[in-house]
Amino acid sequence: MKDFYSKVYEIVELIPYGRVTTYGAIAEALGARKSSRLVGIAMNLSHELVPNLPAHRVVNRNGVLTGKHHFIGANTMENLLSNEGIEIVDDVIKNFKLLFWNPREEL
DNA sequence: ACAGTGACTACAT
DNA sequence: AATGTAGCCACTG
1 MKDFYSKVYE IVELIPYGRV TTYGAIAEAL GARKSSRLVG IAMNLSHELV
51 PNLPAHRVVN RNGVLTGKHH FIGANTMENL LSNEGIEIVD DVIKNFKLLF
101 WNPREEL
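The numbering of the first sequence is the working numbering, which starts it at 1 and goes up by one.
Read the hints as simulated data drawn from the structure, not as lab findings.
Where hints are given, some of them may not hold.
No farther apart than 27 angstroms at their CA atoms in a straight line, the calculated lysine-lysine pairs in the DSSO-like style are these [unchecked claim]:
no.	residue 1	residue 2
1	Lys34	Lys7
2	Lys68	Lys34
3	Lys97	Lys34
4	Lys7	Lys97
5	Lys97	Lys68
6	Lys68	Lys7
7	Lys94	Lys68
Please work from the sequences and hints to get the whole structure.
As structure tokens, this is what we get:
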């Protein structure tokens with residue numbers, strides 16, 4: 001078993017283009033449903049560790065871009081997502097339920 | 001070393 | 001339906 005963070009990054013890198021997932025889904029896929037916070041922390045640390053990580057494809061369970069302020073610019077996350085064809089309105093992903101990618105189904 | 005905090009979520013009031 | 005509490009654990013002051 002790898003480190004929790006490593007597994008988180010592994011899954012995030014697997015998120016397909018134009019799809020999104022949630023912190024909780026990742027945590028659950030790792031067998032640690034209650035550790036969803038750690039996933040967010042892992043994302044925060046990923047800046048230095050894995051700069052290429054598509055962290056913009058990870059949102060909270062409501063499809064809200066809670067972490068947008070942690071990106072380089074205020075609109076970076078929105079831009080990256082809309083660039084992949086994902087519609088963002090008021091920091092919320094439109095059709096989130098449709099775009100949701102469940103890591104558990106892929107593992 | 002200790003306490004506060006945070007890119008979260010589920011469960012209880 | 002809306003708030004409050006609990007659990008996770010690494011990082012920072």
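Status of each hint after checking the structure:
1. Only pairs whose Cα atoms come within 27 angstroms are accepted, and lysine 34 paired with lysine 7 is accepted, the gap being roughly 16 angstroms.
2. Of the supplied pair hints, the one linking lysine 68 and lysine 34 holds, its CA atoms being roughly 23 angstroms apart against a limit of 27 angstroms.
3. Of the pairs offered as hints, the one joining lysine 97 and lysine 34 holds, with about 21 angstroms between alpha carbons and a cut-off of 27 angstroms not exceeded.
4. A hinted pair counts as satisfied when its Cα atoms are at most 27 angstroms apart, and lysine 7 with lysine 97 qualifies at roughly 24 angstroms.
5. For the hint pairing lysine 97 with lysine 68, the CA-to-CA distance comes to about 20 angstroms; that is within 27 angstroms, so the pair holds.
6. The straight-line distance between the Cα atoms of lysine 68 and lysine 7 is roughly 22 angstroms, inside the 27 angstroms bound, and the hint therefore holds.
7. Restraint check for lysine 94 and lysine 68: the C-alpha separation of about 16 angstroms stays at or below 27 angstroms, so the hint holds.
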